[in-house]
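Colleague: In case you want the letters, here they are:
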Amino acid sequence: MDLNRLNARVSAAREDVEGRGETFYPGPSRVHLAAFPPKERWSDWVELDSRAWPKRVEKRYMLVPTTCFNCESGCGLLAYVDKETLQVRKLEGNPEHPGSRGRNCAKGPATLTQISDPDRILYPLKRVGGRGEGRWERVGWDEVLDDIAGRIRKAMDEDRKNEIMYHVGRSGEDGYTSRMLASWGVDGHNSHTNICSSGARAGYHFWMGIDRPSPDHANADLILLVSSHLEAGHYFNPHAQRIMEGKERGAKLVVVDTRMSNTSTHADHWLAPYPGSEAAIFLAIANYLIQNRLYDEAFVRRWWNWQEFMEAVHGDSEPTFARFQDELAELYSGYTFEYAEVESGIDASTLREVAELVAAAGTRLATHNWRSAGSGNLGGWQVARALFLLNCLMGAVATKGGTYPSAWNKFVPKPIHTPSRHPDQWNDLLWPSEYPLALMEMSFLLPHLMKERGGYVDVYFTRVYNPVWTNPDGFSWMEMLRDEEKIGLHVAMTPTWSETAYFADYVLPMGHATERHDLMSYETHDAQWIAFRQPVLRTARERLGEVIHDTREVNPGEVWEENEFWLELTWRIDPDGSRGLRGFFESKANPGEKLTMDEYYGYMFEHSVPGLPEVAEAEGLTPLEYMRRYGAFEIETNVGAVYERHVPDDELEDIDVDEMGRVYTRAPKPDTPNVVELPLLDGDDDGRRRVGVRIDGEILEGFPTPSGRLEFWSRTLDDWGWPELALPTYIKSHIHPGSLDSDQMVLISTFRVPVQIHTRSANAKWLDEIAHTNPLWLHTHDAERIGVRTGDLVRVETEIGHFVVKAWVTEGIRSGVVACSHHMGRWKLDDTGQRQAMATVGIDHKDSNWLLTRKRGVAPFASSDPDSMRIWWTDVGVHQNLTHPVHPDPISGQHCWHQAVRVRRAEPGDRYGDVAVSTERSYAVYLDWLEKTRSAVTHSPDGTRRPYWMMRPVRPERQAYDLPGAADPVGS
Amino acid sequence: MELLRALGVLAEPPTNEHVRIANVLGLPAPPEPSAYHDLFLFQTYPFASVYLGAEGMMGGEAGDRVAGFWRALHMTPPTEPDHLCALLGLYVSLAEREAAEEDEASRALVANARGALLHEHVASWVFPFLSKVRELGGAFYGGWSTMLEEAILAEIRSSGSPRNLPLHLREAPGLPDPRSDGGNAFLNGLLAPVRSGMIVTRGDLAGAARRLDLGLRMGERAYILKAFFSQDAGKVLEWLVDTAEDWTERHEQQGADLGEISAFWEGRARATADLAKALLEDRSGWDDSPGDSATPAGERASGSHEGSGVS
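Just so you know, the sequences run in chain order A and B. Using numbering that gives the first Met the number 0, the letters of the first sequence correspond one by one to residues 0 to 971. Using numbering that gives the first Met the number 0, the letters of the second sequence correspond one by one to residues 0 to 310.
Certain hints may be false.
[Said to hold, decoys possible] Capping the alpha-carbon separation at 25 Å, the derived lysine to aspartate or glutamate pairs in DMTMM-like fashion look like this:
{"#": "1", "chain 1": "A", "residue 1": "58", "chain 2": "B", "residue 2": "95"}
{"#": "2", "chain 1": "A", "residue 1": "251", "chain 2": "B", "residue 2": "103"}
{"#": "3", "chain 1": "A", "residue 1": "399", "chain 2": "B", "residue 2": "11"}
{"#": "4", "chain 1": "A", "residue 1": "251", "chain 2": "B", "residue 2": "95"}
{"#": "5", "chain 1": "A", "residue 1": "399", "chain 2": "A", "residue 2": "244"}
{"#": "6", "chain 1": "A", "residue 1": "89", "chain 2": "A", "residue 2": "39"}
{"#": "7", "chain 1": "A", "residue 1": "54", "chain 2": "A", "residue 2": "43"}
Simulated from the structure, these hints should not be mistaken for laboratory data.
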């Protein structure tokens, strides 16, 4: 028997079969240690009907891929569409999705319960009576569209474009609405990012131009997380499985998290520091690497902008690397392990052990900070900057097992139309001059900016976003939304009831994961992939020969998808095309007609996704058919270190190299199908564009930063008024012990529970049953001091009010720190809302003093779903965010979530769920934090509002960057 | 290496894909599912723990040991971590990981893990199992078992001689002596391959009934054996001597490649034959015959074992 020949034969047969898009091995099976239906049987998959047991009754399904819409990860799902009823019966993982690889967390399959939620919004609703009174009438989409389009058209015609605002929570398709708003000429894109990830992302942005990390966990030797990334957080499912792969390979895991989590329990080292001290820890590790010369000197010499630093800060006109190394050692010498121990409360010996692991990892150091400390603290952006300093020291940047810039692991296909123009006005309500370096819009300050500056928004879209509940200081949001002199028309686009939707004029039902189109790509590992979200019943029925024109034809009730909504709205704003808007949504194949989703995506998949047409053709499919069949496509793997790539010769035409080594060319920029967002770097004075950077005599692509290198020293920060923070450093948080009174503690309010996702999952009964309340984590010592036990009521006092919550006494949190989970404490004012996860509350206020009291918790109720009679829980937690004042970081713009609080036994008369707040005090806190800023008006180096190179979702025309009245603005 | 994965898959219930795989491997067409079920659900069971556990059943300490191996690799054990298909799949995935690993030290670690899996959890039991499959399995499974045996032997040859006897075997207790340990312990021990050195299937017992002209009482194997002893203990012991000597020869034939492992199995089978001979000669010292009606009810082979499907 020739085993080698047999081996070769079976390998060849497998390759051949799988090359045809079929599965060689049977599934479900344990062949791949996982179980998935073979994809060639997705059109007709047979399972036994569990309800018919013990009879063997076959159920036939059509398996249609889509992607999850619950968290940002966009993991692949397979919808099991019952061929008899044409209903989705279950959702499981899509093995073809390169990011999630068939695995899902609980939130993916729970989409089924969101689709069938008896309380979901199925028809457009229009308010009756005053805003917030809670009375609604059903209206038709035509009425809605005509009303909104008319208002927008009027605002445009009257040059009030800045009164149109779109505020997004869960993002859908990469760039879809920001491109649309640009094409409208409206600087009205508002995101949630400054209450989310702006802090850490600003730190990365200043280092490498790209604003997110993409760690290669699977190949790392050391995984260093500032998060609970095995259980929650962005991309946690794709990342968690790769972290476990890394651990299988022998990688060590270090978790920095004050709170004990399911992630910390898997760690080799769990560091539970005093909140806000994380940067001090990382700088102490950096100092160890620097003092002991354990860093990658060649990498630092080649890729850091150390020469620029030495010239600008030390006036060293001919700096040497040796002198820089001496300076580096001097700069960080104060960050000893002993110093970090004092700040963090973690033993110096433990920190040394971790530092030794970092040193041993070399270029296989994967680090990650998304929110966590980056979002909790004043100066949280320096946490990410200090963390990434370790990568930059070790040369672990875009290496196997290292950390990549996100944009290199992401692919955004160029769409059929790109905006032909950009807004010519700057929106000061979103980008106020006090925050010129804010990573994203100052979204959570909107009520305060409106109050302070007399703003007005004529048409305000909240789109899958719930600022009243999610943002800090929700009562100020209520005050703003109720005031028709501030908000002319509030349109809430949402799949489910939210606290914000109660204060809308229109509530428009939007689709869940199986009811909408989107295309997404995320930095889950060193690869580039796209994943397709699609209305699965539309695809299923089209496979059966039906022609579907509009997702409302297949979705429940009149639930719509946003892509078609925006398309239709744009046509109604500009019915004859005279305003130049309509063309953005016009067919190329049939000029003068509306673009269809098939043409929109078909064009993109045909023209902008390298390799897809060929792979599709091999299976006898069009690219669109391929994506509708498999739901995902991997464009490239092992992207590697883009910065080390040589610039092609045909891009080097009449080049000029400046004193910093930046290379400029006259060759036009080659057309690229990947339009992932990157910084915009200025060319030279002679009209050449930036093409790369010269390193050791070679012209390489480098980093998309002003210097072309990793910016250890940020000229941007230095120029815009923050020279003392231009290097990776440690900023003492607003909740640093030195800033607290002796009776104050720190409240960590941001952590997630693994099965919930902000306010979008309250309509998922499976998830609600698992997690529905948020007691206050209180250390044993603190509980003794306060005199409470688990279950007792405690009053938590913030700067602007208090909330009353139950205590959970635990040693899973540091003494002196309390924690209360995000997600919980949902409420409704009457029976309108999610009855399975929202308590019914009363809200009273006198002047600026607000009081929310719980009338009743949840209870069983009769509905189309028999499970609603089986609800056994009553407690749905407490809405703590109402008591948080705004804490905008003066640089990143991030809301700094951690709160200094006093925790005491509840007072007589306090009831569970009580929330009391003074919005007058919250406004005063806003003004206090405004004092921390350094405005562009006084600090802009060039008369503009914001460094032009920095990213911005909708980028106005260059002259809109000019500050009003600037003497010699650069942008003009 | 793909060959091992494909052969592992063939230990699963047959599907359309099996036809294609069998064709690629030059094997006859897979039989009907009923043949698979008879072989792998009623006669021989493709689970390591059945052959390595002191109880001769699925799970137990042997099953935990295999699951622990998965955990040691930081992997969540699958539902049946010791199924032959899962073990071969894991082995191939470790080989692939090893090949992809650039770092020399990491590669060596994975190679060690792969070698340990092969030696501790595959080679320690699979050859007696495959031998029995070849005896019972007809053209397809007979060909399959021969091919798999060669493929595993080739892996063993290429990975070098193991250092120690696998832990499963080192820890395995011997066959109880009914004269000191009681009749039921002896019967159950006979049916635990790692203790007796032999695999006694339902088919073997049916054949014995015909050969010895004994009544075949319907029930689990221990019950059938007990009934044999109650009818004619002498004949049964003679049959046991023959069976154990047959297994001694089978194990001897594997000796060249498997070294200590074969010696272990051979030793166990020979000890069984010797014990049966001793019992034939010394019935007087064995009052508590397994077939004795005086055997306490509580000592009867438990019917609950039958529920595991492997007793």
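Colleague: Against this structure, judge whether each hint is valid.
Modeller: Hints versus structure:
Between residue 58 of chain A and residue 95 of chain B the alpha-carbon distance is near 37 Å, which puts this suggested pair outside the 25 Å criterion. For a cut-off of 25 Å, the pair hint linking residue 251 of chain A to residue 103 of chain B stands: about 17 Å separates their Cα positions. For the hint linking residue 399 of chain A to residue 11 of chain B, the alpha-carbon distance of about 37 Å lies beyond 25 Å, and the restraint is violated. Of the supplied pair hints, the one linking residue 251 of chain A and residue 95 of chain B holds, its CA atoms being roughly 22 Å apart against a limit of 25 Å.
As the CA atoms of residue 399 of chain A and residue 244 of chain A are separated by approximately 14 Å, the hinted pair is consistent with the 25 Å bound. As the CA atoms of residue 89 of chain A and residue 39 of chain A are separated by approximately 19 Å, the hinted pair is consistent with the 25 Å bound. Among the hinted pairs, residue 54 of chain A with residue 43 of chain A is consistent with the structure: their alpha-carbon atoms are about 21 Å apart, no more than 25 Å.
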